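Student: Here are the chains, one letter per residue:
Number of protein chains: 2
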Amino acid sequence: MQETAERLRNGGKRIGLIPTMGFLHDGHLSLVRRAREHSVDCIVMSLFVNPTQFSPDEDFHRYPRDFERDKNLASGAGVDILFFPSLEEIYPKRFLTAVSVDTITTVLEGKIRPTHFRGVTTIVAKLFHLTKPHVAVFGQKDAQQAVVIQQMVRDLNFDTQIIVAPIVREADGLAMSSRNVYLSPEERNESTVLYRSLCLAQQLIAAGERDSETVRTAMNNLIAQMPHTQIDYISPADALTLEDRPLLETGNRILISLAVRFTATRLIDNCLLTI
Amino acid sequence: MQETAERLRNGGKRIGLIPTMGFLHDGHLSLVRRAREHSVDCIVMSLFVNPTQFSPDEDFHRYPRDFERDKNLASGAGVDILFFPSLEEIYPKRFLTAVSVDTITTVLEGKIRPTHFRGVTTIVAKLFHLTKPHVAVFGQKDAQQAVVIQQMVRDLNFDTQIIVAPIVREADGLAMSSRNVYLSPEERNESTVLYRSLCLAQQLIAAGERDSETVRTAMNNLIAQMPHTQIDYISPADALTLEDRPLLETGNRILISLAVRFTATRLIDNCLLTI
Numbered sequence: 001m002q003e004t005a006e007r008l009r010n011g012g013k014r015i016g017l018i019p020t021m022g023f024l025h026d027g028h029l030s031l032v033r034r035a036r037e038h039s040v041d042c043i044v045m046s047l048f049v050n051p052t053q054f055s056p057d058e059d060f061h062r063y064p065r066d067f068e069r070d071k072n073l074a075s076g077a078g079v080d081i082l083f084f085p086s087l088e089e090i091y092p093k094r095f096l097t098a099v100s101v102d103t104i105t106t107v108l109e110g111k112i113r114p115t116h117f118r119g120v121t122t123i124v125a126k127l128f129h130l131t132k133p134h135v136a137v138f139g140q141k142d143a144q145q146a147v148v149i150q151q152m153v154r155d156l157n158f159d160t161q162i163i164v165a166p167i168v169r170e171a172d173g174l175a176m177s178s179r180n181v182y183l184s185p186e187e188r189n190e191s192t193v194l195y196r197s198l199c200l201a202q203q204l205i206a207a208g209e210r211d212s213e214t215v216r217t218a219m220n221n222l223i224a225q226m227p228h229t230q231i232d233y234i235s236p237a238d239a240l241t242l243e244d245r246p247l248l249e250t251g252n253r254i255l256i257s258l259a260v261r262f263t264a265t266r267l268i269d270n271c272l273l274t275i
Numbered sequence: 001m002q003e004t005a006e007r008l009r010n011g012g013k014r015i016g017l018i019p020t021m022g023f024l025h026d027g028h029l030s031l032v033r034r035a036r037e038h039s040v041d042c043i044v045m046s047l048f049v050n051p052t053q054f055s056p057d058e059d060f061h062r063y064p065r066d067f068e069r070d071k072n073l074a075s076g077a078g079v080d081i082l083f084f085p086s087l088e089e090i091y092p093k094r095f096l097t098a099v100s101v102d103t104i105t106t107v108l109e110g111k112i113r114p115t116h117f118r119g120v121t122t123i124v125a126k127l128f129h130l131t132k133p134h135v136a137v138f139g140q141k142d143a144q145q146a147v148v149i150q151q152m153v154r155d156l157n158f159d160t161q162i163i164v165a166p167i168v169r170e171a172d173g174l175a176m177s178s179r180n181v182y183l184s185p186e187e188r189n190e191s192t193v194l195y196r197s198l199c200l201a202q203q204l205i206a207a208g209e210r211d212s213e214t215v216r217t218a219m220n221n222l223i224a225q226m227p228h229t230q231i232d233y234i235s236p237a238d239a240l241t242l243e244d245r246p247l248l249e250t251g252n253r254i255l256i257s258l259a260v261r262f263t264a265t266r267l268i269d270n271c272l273l274t275i
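These protein sequences, in sequence, are chains A and B. Under this note's numbering, the first residue of the first sequence is numbered 1, with each subsequent residue one higher. Under this note's numbering, the first residue of the second sequence is numbered 1, with each subsequent residue one higher.
Calculated from the structure, these hints are not laboratory results. Please note that the accuracy of each hint is not assured.
Unchecked claim - In silico lysine to aspartate or glutamate, DMTMM-like type, Cα no more than 25 Å apart, as pairs:
1) B:K93 to A:E243
2) B:K93 to A:E6
3) A:K13 to B:E6
4) B:K93 to A:D159
5) A:K93 to B:D244
6) B:K93 to A:D244
7) A:K93 to B:D159
8) A:K93 to B:E249
9) B:K13 to A:D159
10) B:K13 to A:D102
11) A:K93 to B:E243
12) A:K93 to B:D238
13) A:K111 to B:D102
14) B:K111 to A:D102
15) B:K13 to A:E6
16) B:K13 to A:E3
17) A:K93 to B:D102
Since the structure is predicted, the reported quantities are computational estimates derived from the model, not experimental observations.
Just chain A, with the same shape it has in the complex:
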């Protein structure tokens, strides 16, 4: 992969990387279209279920996988190179190195999943070195991940432009996610409440509400009506520093993010807005 990437670059080609854990859905495929908009000549999609971003009690082993389906979807979407390294290639014996980002990884997802982002930044650094992308596209669905990756790229001077593509939703508003297949029909039905709670927040703010706690409480009450939900967090925060914003002031760029469990399935969603 690295030799191919180097050869492409030496031939004047621009490389676009789409890092994925596979089990592709329209969200992933929209990232391919987004890459094409940045005059990329060769689109590399990586497919690697990265164990180090799962904690021991999470779903690494049961994470959905379907290589043949992914291969067809990727090829149909115009992916030029599907890069699917083995676990042993990525993490050989005596693997000792990590890339970590401080502060913005200890809130929201990072508070509940303390080793998650260290796993993400380490694998993304490796994928960047292996595929040498001019452009890499990440989904806004994983909002905190996008912020963390951009911080890492800035701090470590990676020469890769990061594109964050908008969330792709099902017709009823549920954000697309490989984990949606875990939902029971009943949970799937209830799960639309996540998007509805984000819409409610935007309506309240559009109507002049500036108190974060009021927004959060309204979202919480809506979600809690669903019997199978258990809320991990609902957070209106600064979109860059991810710090709590008790007061939503004019000009603020705000990320409202949430994580909700439906029995064993944990879903996240978010929206970005400028007050």
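Since the structure of chain A is provided, determine the placement of chain B on it from the hints.
Tutor: Quick look at chain B alone, frame taken from chain A:
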């Protein structure tokens, strides 16, 4: 720097990087010659006294600096690009990212300087991204640093070949170091004991000694004869894992390293040998 490096690479040129903290001596200049041997077209020398690899009680502020002299020496040695970024360029506000290597950074130098290698690996990762070297040359003087950098390069898949160049010594055996200027005339005189202790170790091993503790004690006794010395460590260890080797067995690749303080000046030295 990054744009220049990219332009050079696109033009088919091979880049060699020599990372330094300046106050150049013949040891540094030997690294330039070593880079040339690896068919490098453009030699970049970076000159940056990196604060994050010093602990608060160390000599960051009094570390010797002489930019004009360095510039002349580098240019005389055939350096094509001298890269001397400012502190603010390298560590802008809200810098949050680190590259760290586990286990091999917690022994020897890392035991005494617990934040040192994290500072080193982070700055080297940044320099690699900024200068895009095909080859980077480090000195064997900082033996543990060389091992740590090679581990980082392997683990994170940097596409840079690491060359480790032999120690350059003064006529009386003292390993060249920017910190040698700190030594009083008396300490300078005593400092040759470091190299003599390494020679003694090699003689003992050549004569058949296989017990690490015996070798260490002999070195210790020789160094301790000097009134201004205080020994931090003397360590015969595995050259790759840096683990203690109580028994020196045939075929083992051994790094004998030591750190000794002369009043406020801390010197290190080492030798590599195959049993």
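Student: Each hint needs a verdict: does it hold in this structure or not?
Tutor: Now the hints, each set against the structure:
At most 25 Å may separate the alpha-carbon atoms for a hinted pair to count; K93 of chain B and E243 of chain A meet this at roughly 16 Å. A distance of roughly 33 Å separates the Cα atoms of K93 of chain B and E6 of chain A; the hinted pair therefore is violated under the 25 Å criterion. Note on K13 of chain A and E6 of chain B: the hinted pairing holds, with a Cα-Cα distance of about 13 Å set against a maximum of 25 Å. Note on K93 of chain B and D159 of chain A: the hinted pairing holds, with a Cα-Cα distance of about 19 Å set against a maximum of 25 Å.
At roughly 20 Å between alpha-carbon atoms, K93 of chain A and D244 of chain B fall within 25 Å of each other, so this suggested pair holds. Restraint check for K93 of chain B and D244 of chain A: the C-alpha separation of about 20 Å stays at or below 25 Å, so the hint holds. Distance hint between K93 of chain A and D159 of chain B is fulfilled; the C-alpha atoms sit about 19 Å from each other, no more than 25 Å. Under the criterion of a C-alpha separation no larger than 25 Å, the hint pairing K93 of chain A with E249 of chain B is consistent with the structure, at around 23 Å.
Among the hinted pairs, K13 of chain B with D159 of chain A is consistent with the structure: their alpha-carbon atoms are about 18 Å apart, no more than 25 Å. A distance of roughly 37 Å separates the Cα atoms of K13 of chain B and D102 of chain A; the hinted pair therefore is violated under the 25 Å criterion. Restraint check: the Cα-Cα separation between K93 of chain A and E243 of chain B comes to about 16 Å, which is no more than 25 Å; the hinted pair holds. Only pairs whose Cα atoms come within 25 Å are accepted, and K93 of chain A paired with D238 of chain B is accepted, the gap being roughly 17 Å.
As the CA atoms of K111 of chain A and D102 of chain B are separated by approximately 23 Å, the hinted pair is consistent with the 25 Å bound. Between K111 of chain B and D102 of chain A, the direct Cα distance comes to roughly 23 Å. Compliance with the 25 Å bound is thereby established for this hinted pair. About 13 Å separates the Cα atoms of K13 of chain B and E6 of chain A, which keeps this hinted pair within 25 Å; it holds. Taking the CA atoms of K13 of chain B and E3 of chain A, the gap is about 16 Å. The hint holds against a cut of 25 Å.
A C-alpha spacing of about 13 Å is found between K93 of chain A and D102 of chain B, which places the hinted pair at or below 25 Å, so the restraint holds.
Checked against the numbered hints given earlier, this structure breaks hints 2 and 10; the rest are met.
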